[in-house]
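Given chain A, work out where chains X and W should sit, using these hints.
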Amino acid sequence: MTVMQLIFLLNAAVTIIAGIMMSRVRRLLHAALWLVLALFGVAVTFGLLEASFLAIVQVVVYIGAIAILILFAIMLTRGGTDDTYDNSKRWIISLVVALIALGGILLALFTWPQGQALTTPLTAAQQDIGAIGIALLDPEGYLIPFEISSILLLAALVGSIYVGIEHKGEEK
Amino acid sequence: MSFIADPVSFITNWLNSLLSGWGIPDMWVQFIMFIIGAGLLAFGAMIFTIGLIWLERKLGGRIQDRIGPNRIGPWGVFQPIADMLKIFTKEYITPIGADILLYNLAPILAMAAVLGLWAVIPLSSTAYGTNINVGALYLIGIGAIGELGIILAGFSSNNKYALLGGYRAVAQLLSYEVPMAITLLIPVMFAGSMGLNDIAGAQKVAFIFQAPVAALIFFIAGIAENGRAPFDLMEADSEIVAGYNIEYSGLKFGMYYVADFLHAFTSALLFATIFLGGWRGPGAEQYPILGFVYLFVKTAVVYLLTVTIRFTVPRLRIDQVMAFNWKYLTPLALATLLVTALVDKIAPAGQGLLRIILLLVANVLLFLLADRLVTLYRKNHQKLRKVVSEFRPVPVTIRPSVAADEPEVQS
Amino acid sequence: MIPLYWFLILSAVLFSIGIYTVITRRNTITILMGVELMLNTANINLLAFWRYLYIDTGNLDGVIFALIIFVAAAAEVAVGLGLIISAYRRRQSVVANDLDALKG
Chain A
242 MTVMQLIFLL NAAVTIIAGI MMSRVRRLLH AALWLVLALF GVAVTFGLLE
292 ASFLAIVQVV VYIGAIAILI LFAIMLTRGG TDDTYDNSKR WIISLVVALI
342 ALGGILLALF TWPQGQALTT PLTAAQQDIG AIGIALLDPE GYLIPFEISS
392 ILLLAALVGS IYVGIEHKGE EK
Chain X
15 MSFIADPVSF ITNWLNSLLS GWGIPDMWVQ FIMFIIGAGL LAFGAMIFTI
65 GLIWLERKLG GRIQDRIGPN RIGPWGVFQP IADMLKIFTK EYITPIGADI
115 LLYNLAPILA MAAVLGLWAV IPLSSTAYGT NINVGALYLI GIGAIGELGI
165 ILAGFSSNNK YALLGGYRAV AQLLSYEVPM AITLLIPVMF AGSMGLNDIA
215 GAQKVAFIFQ APVAALIFFI AGIAENGRAP FDLMEADSEI VAGYNIEYSG
265 LKFGMYYVAD FLHAFTSALL FATIFLGGWR GPGAEQYPIL GFVYLFVKTA
315 VVYLLTVTIR FTVPRLRIDQ VMAFNWKYLT PLALATLLVT ALVDKIAPAG
365 QGLLRIILLL VANVLLFLLA DRLVTLYRKN HQKLRKVVSE FRPVPVTIRP
415 SVAADEPEVQ S
Chain W
2 MIPLYWFLIL SAVLFSIGIY TVITRRNTIT ILMGVELMLN TANINLLAFW
52 RYLYIDTGNL DGVIFALIIF VAAAAEVAVG LGLIISAYRR RQSVVANDLD
102 ALKG
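Protein sequence lines, in the order shown, are assigned to chains A, X and W.
Just add 241 to wherever you are in the first sequence, counting from 1, and you've got the numbering used here.
Just add 14 to wherever you are in the second sequence, counting from 1, and you've got the numbering used here.
Just add 1 to wherever you are in the third sequence, counting from 1, and you've got the numbering used here.
Bound conformation, chain A alone:
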């Protein structure tokens, strides 16, 4: 058992436990914090996959912006209180659905002939950020997705401001 495998197993355990707690905990703020822990676990997984740039971007974007946004939304909508499990049949159905989805994915994984074969990664170099930067702006590379995603961000910006702004004089 090498150190990397141990780190991966610890990280996987923490992430899965955080995910389960996020879906079971009653108080909303605690659920949001378990989500933050799960996102941290995903960032560590990115680090294990030698994608260091994406790991740090995950922390900055998801935990530094999206998680704080979710916390603010929870704090601003306190009227819609904490979850209560009135509908006690629902979690059985959702558990069944989740297990079916999990079983399907694992079945597809283990019937794939190369599923067990890829055990060693190819190289262990740190990620070359300059290559990502050049690829994003290369016309034969990924320039078009880059520009379209910037238009998407602009649309989201304008849309969320318009939806969230309070229009005075509107009837309730």
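Treat the hints loosely; a few may be bogus.
As the list claims (entries may be wrong) - Chain X regions said to be covered by chain A (calculated; three or more residues, Cβ under 8 Å):
#1 37 to 46
#2 113 to 124
#3 143 to 154
#4 312 to 323
Unchecked claim - Pair ranges (Cβ atoms, derived):
#5 X/V311 - A/D369: 48 to 58 Å
#6 X/L265 - A/L247: 25 to 35 Å
#7 W/I69 - X/R329: 38 to 48 Å
#8 X/L32 - A/I257: 32 to 42 Å
#9 A/L247 - X/L379: 52 to 62 Å
#10 X/F381 - A/T243: 53 to 63 Å
#11 A/D369 - X/V219: 20 to 30 Å
#12 X/D40 - A/D369: 17 to 27 Å
#13 X/T26 - W/A73: 38 to 48 Å
#14 A/D369 - X/A355: 17 to 27 Å
Hints were generated in silico from the structure; no laboratory data involved.
For each residue, glycine too, the CB sits at the ideal point set by N, CA and C.
Just chains X and W now, kept in the frame of chain A:
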């Protein structure tokens, strides 16, 4: 000789050989060394804060024309130890209705965020925590974790002043991350890499001479990120009674206190690394201990500047803080980035003196243009107010008389 | 060292946890949190395959795809939370069962 010249490498190699000699496999040795290094760095940083607290209180006292602590020990040097003893022995009072998990988690997150910054700073050419190739972005990410701690503290204290302080604090911190991240791109552009080791190593001429406007914006955003005056409305004693850490007592408040002072020093350390050249200086490559001394001197200069600003200028309001950031700093940072990228293409890195002069001229022009625009804006939008009130009508006096007549008006 | 299918099993388990969260919880914000978790597991999958198959060839498809998913997820959360807060102002409730009338 090699111990004096390079103590960190010497001890590291000695520990490595010791652990390998015991028969532990290689990866585990590295893992154990990482853990020991992290523990030593965090411990050293926290012990160092004791000296910082004393320095700041003494210096603040002198700036404010008073003596500062002078009772405990000569020149009050044991004052922080007395403070520590008091904070350790105070009782923890948890408010009713506070969310226990979040209430106790918040100071830990705030402290962890500040200590996490020390992991990537190159203390000399061979002594650094780790050399990740995205060090500049890591700084922003760790700041984000600190903000998480503050919003949790504000919300979980079950106190409306804490909540208000928490909202304002997070608004300020999130806003000032933007110019900080934009101006961090300029040294990254010059050095060609995001790693802090590479940025410190690429400064034959310190970046403050090549991008002074960016350095100024980074300095101001760093003070705002820290929550120091003039941006200290997060803990404004006269307005919201200590803001988000009202309900904390004892060591939990002590953690916020230590995190505040340590963050100020860490911001100065980052500024010295990114813009002033870090550990570079004459003879710093052969004797890394000299690099450590140079870094310390540069950091001390920036830190003393921060402390002087803290005790000199008054506090800004929250709307002034927001307006300053979004209307002035962020457009200026974007314009600086564009201009610097343009000049970087015109005079690429091999040109030596011409490039530096061109960059300086571009920066000075940009600063003058921004100044001119602000003056024009202020002239056009200033409303004249009357300072002196108008002449009021005559006063009414009541003369006492035998028969109870009504008061007569004196004209 | 770490076989590929360990990463794929991790992402499968997290994905099913995300599905469970989305179906079970009544609060719209928590449903959004489950969707975020699912998007993250898609990222893990992409990067795992990229690492094990394409990292030497200089083909950056996996990394760029993961970055675009970041962008799309951030945009979706921003607009989604704006909608939820706006709906809360109208109906004073964020429970998904209560937001069931098309006319405000």
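For each hint, the structure was consulted:
Check on the region 37 to 46 of chain X: 4 of its residues sit with their Cβ under 8 Å from a Cβ of chain A, so the three-residue criterion for coverage holds. Taking a C-beta to C-beta cut-off of 8 Å, the region 113 to 124 of chain X contributes 4 residues in contact with chain A, enough for the three needed, and the coverage statement holds. Only residues whose beta carbon comes within less than 8 Å of a beta carbon in chain A count, and the region 143 to 154 of chain X has 6; three or more means the coverage holds. Look at the region 312 to 323 of chain X against chain A: 0 of its residues bring a Cβ nearer than 8 Å to a Cβ of that chain, fewer than three, so the hint is violated.
A C-beta distance of roughly 35 Å is found between X/V311 and A/D369, which places it outside the suggested range of 48 to 58 Å. Our hint of 25 to 35 Å for X/L265 and A/L247 holds, since their Cβ atoms are close to 33 Å apart. Separated by about 43 Å at the C-beta atoms, W/I69 and X/R329 satisfy the suggested range of 38 to 48 Å. As the Cβ distance of X/L32 to A/I257 is approximately 38 Å, the hint placing it in 32 to 42 Å holds.
Between A/L247 and X/L379 the beta carbons are some 57 Å apart, a value that agrees with the proposed interval 52 to 62 Å. The hint said 53 to 63 Å for the Cβ distance between X/F381 and A/T243, and at roughly 54 Å that hint holds. Range check, A/D369 to X/V219: about 27 Å between beta-carbon atoms, so the 20 to 30 Å window is met. In this structure, X/D40 and A/D369 meet the distance hint of 17 to 27 Å, their C-beta atoms being roughly 26 Å apart.
For X/T26 and W/A73, the Cβ-Cβ distance of about 44 Å falls inside the hinted range of 38 to 48 Å, so the restraint holds. About 21 Å separates the C-beta atoms of A/D369 and X/A355, a value consistent with the hinted range of 17 to 27 Å.
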